[in-house]
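*Asks:* Here the protein sequences line up with chains A and B, keeping their order. Read in the UniProt record's numbering, the first sequence has 452 at position 452, and its numbers run on one by one without any break. Read in the UniProt record's numbering, the second sequence has 313 at position 313, and its numbers run on one by one without any break.
If a hint is listed, it holds; no wrong ones were tucked in.
Simulated crosslink set (BS3-like; lysine-lysine; CA at most 25 Å straight-line): (1) B:Lys571 to A:Lys557; (2) A:Lys418 to B:Lys77; (3) B:Lys560 to A:Lys560; (4) A:Lys557 to B:Lys560; (5) B:Lys116 to A:Lys571; (6) B:Lys557 to A:Lys571; (7) B:Lys560 to A:Lys571; (8) B:Lys33 to A:Lys571; (9) A:Lys116 to B:Lys571; (10) B:Lys77 to A:Lys382; (11) B:Lys571 to A:Lys571; (12) A:Lys77 to B:Lys418.
These are computed hints drawn from the structure, not numbers from a lab.
There are 2 protein chains.
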Amino acid sequence: MGGKSWGSRALVFWCIVLSLIHVSLGSKARHFKWEVEYMYRSPDCLEHVVMGINGQFPGPTIRAKAGDTIVMELTNKLYTEGVVIHWHGIRQLGTPWADGTASISQCAINPGETFKYRFKVDRPGTYFYHGHYGMQRSAGLYGSLIVDVADGEKEPFHYDGEFDLLLSDWWHLSVHEQEVGLSSNPFRWVGEPQTLLINGRGQFNCSLAAKFSNSSVSQCKFRGNEQCAPQILHVHPNKTYRLRIASTTALASLNLAIGGHKMLVVEADGNYVQPFAVNDLDIYSGETYSVLVRTDQLPSKNYWISIGVRGREPKTAQALTILNYFPTSASILPVSQPPVTPRWNDYNHSKAFTKSIFALMGSPQPPKTNHRRIILLNTQNKIDGFTKWSINNVSLVLPPTPYLGSIKYGFNNAFDQKHPPDNYDNNYDIMKPPVNPNSTHGNGIYTIDFNTTVDVILQNANALAKDVSEIHPWHLHGHDFWVLGYGEGKFREEDEKKFNLKNPPLRNTAVIFPYGWTALRFVADNPGAWAFHCHIEPHLHMGMGVVFAEGVHRVGKIPKTALACGLTGNKLN
Amino acid sequence: MGGKSWGSRALVFWCIVLSLIHVSLGSKARHFKWEVEYMYRSPDCLEHVVMGINGQFPGPTIRAKAGDTIVMELTNKLYTEGVVIHWHGIRQLGTPWADGTASISQCAINPGETFKYRFKVDRPGTYFYHGHYGMQRSAGLYGSLIVDVADGEKEPFHYDGEFDLLLSDWWHLSVHEQEVGLSSNPFRWVGEPQTLLINGRGQFNCSLAAKFSNSSVSQCKFRGNEQCAPQILHVHPNKTYRLRIASTTALASLNLAIGGHKMLVVEADGNYVQPFAVNDLDIYSGETYSVLVRTDQLPSKNYWISIGVRGREPKTAQALTILNYFPTSASILPVSQPPVTPRWNDYNHSKAFTKSIFALMGSPQPPKTNHRRIILLNTQNKIDGFTKWSINNVSLVLPPTPYLGSIKYGFNNAFDQKHPPDNYDNNYDIMKPPVNPNSTHGNGIYTIDFNTTVDVILQNANALAKDVSEIHPWHLHGHDFWVLGYGEGKFREEDEKKFNLKNPPLRNTAVIFPYGWTALRFVADNPGAWAFHCHIEPHLHMGMGVVFAEGVHRVGKIPKTALACGLTGNKLN
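Let the hints inform the model, and build the full structure from the sequences given.
*Replies:* Now the structure itself:
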């Protein structure tokens, strides 16, 4: 198996050359060999098959320094499924083929094959990685990716220690079955998750805080080595800790709080923000935050860290772990009940948090004007009786040939050459269930002129059911965008006057609230084909995404192995 | 999506030319467009996800005439899994790339892509098709393939009507989970099937014959349109019916009987046999039979058709359906209990049946001598703590690049160039658990000189547990073989003298009995790379197979789409 092709030998040569260059600049290439596999695991104390990497779930944490190059040889050890990994928040400047999105940036890696990702982590921050093929993220294919400041650089804040909190949600029904249900008529929704996980650990059939609960759930009894035992955060008094929080949930919007402690938000999606203090923090799928926590409470006690569901009527217990003060024993439970998650539909609370986020002074500012505005209406639709999500009435179905290859090499029949629309019918009533449910499937893309500034207005609307409009966290690949503003109801021309052009936060994920709109601006300066989609896994499966392509003809040599499928596979190599 | 490449246009051109030639000879091209998908279904009255084709489970029956060409455009509608279909029993003379074996004859078809199988069904008989990637057969990817005699030709027996009985077994645990368990340490065996299915229908939580049972299982009550309601065989009195019986079980060896009726066996694996009468018929996975049944019993009654497990201690209820005599109502149950399946370990009964099969006079006779003899020892082993099946101490792990392509185009590093051995250690004691459990994984192949005659001696042995030796039905792709004989214990040189060279049956599947050997002979006259393996799905997953390659350099142009993966995908096209 395997064996080097001339192409890969050339690649190896250049890798070595580039590594030497990097080393000479103080940054370095960090080499990884990972195997993606299925394994039996008990993430929430019940045994299930999960996707893991090198025998670990969640996958290993990548730790690098800004300027380093990640060289990741990823081997697919699944039996019949392809796999890719997306490096969420890494912009892939100059390496669009390494973005890890099946059908967009590369072909899925076949079972038994190895693909080499090579990309630079150019900027310090809190990131993560995850599967981006089918619903493999929801199956457990994720992990943390932390980029420290380069040698000689400093963070704009001080801390004495840090912890990663990778948050996810977990279902007992396999992702394979979930996919079939979502694609069936009648539609079968995945429902609320059975369990929330912190660093891959949760408790389904017991609770760490049973004695504070009215329900009959029993107290968890852990010896400590269980796969579902919580990871305790061991802290010393009167120190400052950085919590790096990332949400890779398939569905759940979350709220995190620490009993008795405030949090100072300092980073969002790999960008520094103007620090602000909160008692609890909302985090949507695809987002990351860093918060600073001062351990200024009584060290003779321990404190709950609790995570609960927002934005959907919760049917899932809070996830809990413990902030353990030295020298108190970690086995001593906090004396009061865990922080109560704000009411799920208290959107004012959510909006207040989200609107508190501004870029740290000195951050890059947005261009003052745009070249193009794309308004994207988010609707839930029926297509031929199947329940879908559509953007401007197009429900995305990805083609077998990756866009990056088919655009660069001119395979015009690889996907619809007709572009989806930049706007929607002005008469559409976003407050009511769709009256034009005749959406279509499509795989056309938005072609963006290179180096232009684009505004995207994400317009929320009523879903199929009356009086229902959901939260959707939209994630852009290949870029950060500035979040210029949020509004209620339909976006109107005059709303542009209220855009924050002074200190809008730079992010890669932004939420739309029910019946509202969110305005984003980005500069199309990264040649490639980039997904922009709702980060809720079943919603993307149901078509809730678009593809932006910019300057693809400027993209350098794409590794053949990235395009060994579809039309590019048959004709290119 | 898609669009025609020049290669496929050329193919289309030749297809048209060839079709015209066929039509002029009286045979024709039969075109099919199939979509493989997952769907919810209740094969045994409990709902599960199954693999289906065009919304059907089992897949549609293919019906053709000898000499026809099947043109099958197969589209993969799965989400993240590849797929292939093997046309079991079709020798693929001249079209080895259409054999539908992932990693051997072609690359798995990626999700969203279409592959065109084109092959001739040169010979009348009872065949079937099934998935041949991972354990997708066990997930439900199978159906019947019936080839009638060419126009103007006659079968060597008469019948008034016919029925297909496609037999399978069904688990409630998904195939994905089964695969993980089989590949885990500690090993998790799939266990006995929950249900036996006849034409995709069985009853898990009720019985058609509850009133004859001592167990507490309840009587099935069907309205008739249930997905798990039995397909009744409606017959007229005093007629002769041909039952075409095929077993695509993942595990179970079966025995079929019809209350009050004898069966005359006339065909096995697409070859006519010397007719012989039986009360019950053993059928192993991968085998097909035709039997003639005379409806000479009282027409005022109905009769059970029952299928039960042989060769493993059965934990699965008999599958039942009804032979319904006109004009008796189909809803009237037979008055006596269903035929009792012979005791599972009554191997004398099994051997008596198997040894009754001889080729019909006039069938092709085997060459009188061989050029090479390959003795294949079947052992269960531990490799690095994982439980495997090995052949001459090599447990097969298929490579990502299909052998057919890597051999033809000289990608020598696509697989081990070292051939596995033609024999095993003469001192090996087949009656005891393996004393040399240090088998290795491997993907080397047996290279057979073109047009030579090869004898294969399949040598059974003791498994890992003491006093256990199992039945294995071995299936050869691309050829039929003559079954020259069966023996007890270790094959010895002098056993060759007892070979039946006069009228050995031609088959594609042959069983080895516990602690015994089976001798096969075939002529390596079909250029290609061919799987030869135990047809028990979990056993193949555990490595129980070998690959024979013969005259690969004589193989004509292989469609590019068959090789768009691995080393051939990166370099060939």
